[in-house]
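Peer 1: Below are the chains, spelled out letter by letter.
Protein chains: 2
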Amino acid sequence: MRRTIFYISDGTGITAETIGHSVLTQFDDVQFDTYRIPFVDSAEHAEAAVLRIKTLYAQTGARPIVVNTVIDPALSEILASSGALMMDVFAPFIEPLENELGVKRKLSIGKAHGLVNFAEYEARINATNYALTHDDGANFNYADADVILVGVSRSGKTPTCLYMALHFGVKAANYPLTDEDLEKLELPKRLVPYRARLYGLSIDANRLAQVREARKPNSRYATLAQCRWELDQADRLLRRENIPWLNTTHTSIEEIGSKILSSLGIDKQMY
Amino acid sequence: MRRTIFYISDGTGITAETIGHSVLTQFDDVQFDTYRIPFVDSAEHAEAAVLRIKTLYAQTGARPIVVNTVIDPALSEILASSGALMMDVFAPFIEPLENELGVKRKLSIGKAHGLVNFAEYEARINATNYALTHDDGANFNYADADVILVGVSRSGKTPTCLYMALHFGVKAANYPLTDEDLEKLELPKRLVPYRARLYGLSIDANRLAQVREARKPNSRYATLAQCRWELDQADRLLRRENIPWLNTTHTSIEEIGSKILSSLGIDKQMY
Numbered sequence: 001m002r003r004t005i006f007y008i009s010d011g012t013g014i015t016a017e018t019i020g021h022s023v024l025t026q027f028d029d030v031q032f033d034t035y036r037i038p039f040v041d042s043a044e045h046a047e048a049a050v051l052r053i054k055t056l057y058a059q060t061g062a063r064p065i066v067v068n069t070v071i072d073p074a075l076s077e078i079l080a081s082s083g084a085l086m087m088d089v090f091a092p093f094i095e096p097l098e099n100e101l102g103v104k105r106k107l108s109i110g111k112a113h114g115l116v117n118f119a120e121y122e123a124r125i126n127a128t129n130y131a132l133t134h135d136d137g138a139n140f141n142y143a144d145a146d147v148i149l150v151g152v153s154r155s156g157k158t159p160t161c162l163y164m165a166l167h168f169g170v171k172a173a174n175y176p177l178t179d180e181d182l183e184k185l186e187l188p189k190r191l192v193p194y195r196a197r198l199y200g201l202s203i204d205a206n207r208l209a210q211v212r213e214a215r216k217p218n219s220r221y222a223t224l225a226q227c228r229w230e231l232d233q234a235d236r237l238l239r240r241e242n243i244p245w246l247n248t249t250h251t252s253i254e255e256i257g258s259k260i261l262s263s264l265g266i267d268k269q270m271y
Numbered sequence: 001m002r003r004t005i006f007y008i009s010d011g012t013g014i015t016a017e018t019i020g021h022s023v024l025t026q027f028d029d030v031q032f033d034t035y036r037i038p039f040v041d042s043a044e045h046a047e048a049a050v051l052r053i054k055t056l057y058a059q060t061g062a063r064p065i066v067v068n069t070v071i072d073p074a075l076s077e078i079l080a081s082s083g084a085l086m087m088d089v090f091a092p093f094i095e096p097l098e099n100e101l102g103v104k105r106k107l108s109i110g111k112a113h114g115l116v117n118f119a120e121y122e123a124r125i126n127a128t129n130y131a132l133t134h135d136d137g138a139n140f141n142y143a144d145a146d147v148i149l150v151g152v153s154r155s156g157k158t159p160t161c162l163y164m165a166l167h168f169g170v171k172a173a174n175y176p177l178t179d180e181d182l183e184k185l186e187l188p189k190r191l192v193p194y195r196a197r198l199y200g201l202s203i204d205a206n207r208l209a210q211v212r213e214a215r216k217p218n219s220r221y222a223t224l225a226q227c228r229w230e231l232d233q234a235d236r237l238l239r240r241e242n243i244p245w246l247n248t249t250h251t252s253i254e255e256i257g258s259k260i261l262s263s264l265g266i267d268k269q270m271y
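First to last, the sequence lines map onto chains A and B.
Using full-length UniProt numbering, you'd call the opening residue of the first sequence number 1 and step up by one each time.
Using full-length UniProt numbering, you'd call the opening residue of the second sequence number 1 and step up by one each time.
A couple of the hints might just be wrong.
Dumping the calculated DMTMM-like pairs for lysine to aspartate or glutamate here, alpha-carbon to alpha-carbon at most 25 Å [claimed, not checked]:
(1) B:LYS259 - A:ASP144
(2) B:LYS106 - A:ASP29
(3) A:LYS104 - B:ASP88
(4) B:LYS104 - A:ASP135
(5) A:LYS104 - B:ASP33
(6) A:LYS268 - B:ASP33
(7) B:LYS106 - A:ASP28
(8) A:LYS216 - B:GLU120
(9) B:LYS216 - B:ASP181
(10) B:LYS189 - B:ASP235
(11) A:LYS54 - B:ASP267
(12) B:LYS216 - A:ASP135
(13) B:LYS104 - A:ASP88
(14) B:LYS54 - A:GLU98
(15) A:LYS259 - B:ASP41
(16) A:LYS268 - B:ASP41
(17) A:LYS268 - A:ASP29
(18) B:LYS259 - A:GLU98
(19) A:LYS268 - A:ASP135
(20) A:LYS106 - B:ASP267
(21) B:LYS216 - A:GLU47
(22) B:LYS106 - B:GLU95
(23) A:LYS259 - B:ASP88
Restraint-style ranges between C-beta atoms, simulated for each label pair [as the list claims (entries may be wrong)]:
(24) A:ALA225 - B:ARG63: 18 to 28 Å
(25) A:ASN141 - B:ASP144: 26 to 36 Å
(26) B:GLU98 - A:GLU98: 26 to 36 Å
(27) A:PRO73 - B:GLY137: 44 to 54 Å
(28) B:ALA62 - A:ALA225: 53 to 63 Å
(29) B:ALA62 - A:TYR221: 31 to 41 Å
(30) A:GLN269 - B:THR249: 43 to 53 Å
(31) A:ALA138 - B:SER219: 13 to 23 Å
(32) A:ALA58 - B:ASP179: 46 to 56 Å
(33) B:ARG63 - A:ALA138: 24 to 34 Å
(34) A:ALA138 - B:THR249: 22 to 32 Å
(35) A:ALA225 - B:ASN117: 26 to 36 Å
It should be emphasised that the hints constitute simulated quantities derived from the structure, not laboratory data.
Predicted model, so just to flag it, every value in this text is computed and none were measured.
Each residue gets a CB set at the ideal place from its N, CA and C atoms; glycine is no exception.
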């Protein structure tokens, strides 16, 4: 079975798509074709969206589903005239919240992922620059780091650092364990002062060899033997030094990031 | 007025926080203290969450609000015993969807931001590596690029590329316009074959000078005159070459990314 989903928003559509995706993963027998219609902030844009929905309805013969985060009720009404099944994301929560808080909500559109708080936004961008300049041992001055990821090459450190920086404004550096570090089985001296901010990433040897092979085909670096040795030594080092760590093989960067922040007690707001 | 919000999930908590944040921005007279409790996937974890909620309720005297994306109804019931105002994110949508689709949802937890589709996940990570290796003119081979951002130094190209890569699996390169390009007022030859994939970023001169000053204090690069000249020339070049562009000064990377993907007709699913 195939069905069509439209994510419609007066802003970026990120909220609509996030919740829509979460709900739809609970219906995995159905194949969903998804379309994003962002910045629907006028009657004209809403009418254009209705036309797209109606066209697809006619083409497929199946009623489309609209996940709607448009805040202006007049625009939502226009969207509903498409005949789609409307899933209004905010509607169920507004009344209970208004009652609980004793204030009326404000109809300000596109705020959730807009540039509302400039200082917070700047912190994200600065954290992203920090992650880029403190990636892969490029800069060993970790005084400002909120977290320093430690692991062998290609264990997932860089994307995880970028994710935590972009979405939590966390200054995340990463240090790649070298063969020398792994032979000594000692925490590199430059990391010792920051022990409380260290977090280790590991990965299955087969997966690591596969990733490295794609990057440097036929290299010693990509052999299973080399990957196994590095990972064994790294695991030993992290255990001995009592550094928290996790295996990234079956874990998304969102899950890794979430676990690291919990583990280190970093309770920053997500953007 | 201050109120406490708990984002509680059996996975990362990203969906809960995304929708909670969107709803709460509509109540901007209230100050919200937010706490994230991810990976609540057992009665034990749910009981621990209840204890935290009750403790805060007792301390503040104000009823906490729980934004809940835990899928197992038994765990949600435990959470509700905290006495908090429960906002169950999925509840309102499940029944209408089950009726529309004619199938029952499956109670599989933590899927929304977990590692479900390995090929999709790999595409995101590869796109992130692509953005890093094609950043700031580091590599001019744009054959595989889905989009190439063009603009003066510090106009917002790098964070936007990383965002599009991480969340849409889009291969985003960026090319910094040099003084030479800006003097010639010609599209650099290496970009000509990829004209349809170009997108320009601009920024207000005052803001650019401020950002550059933070990076290279007292440099010619950071003077308002230099920023104005570069931006004027870049705007002229982009207009003359008919390349779509936007001003990033008051625009978040989520908004910039969303507009670029719409403009270039890239309809990839968001992760």
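Peer 1: Taking the earlier hints as the rules, which of them does this structure contradict?
Peer 2: 1, 4, 17, 18, 20, 21, 24, 29, 30 and 33
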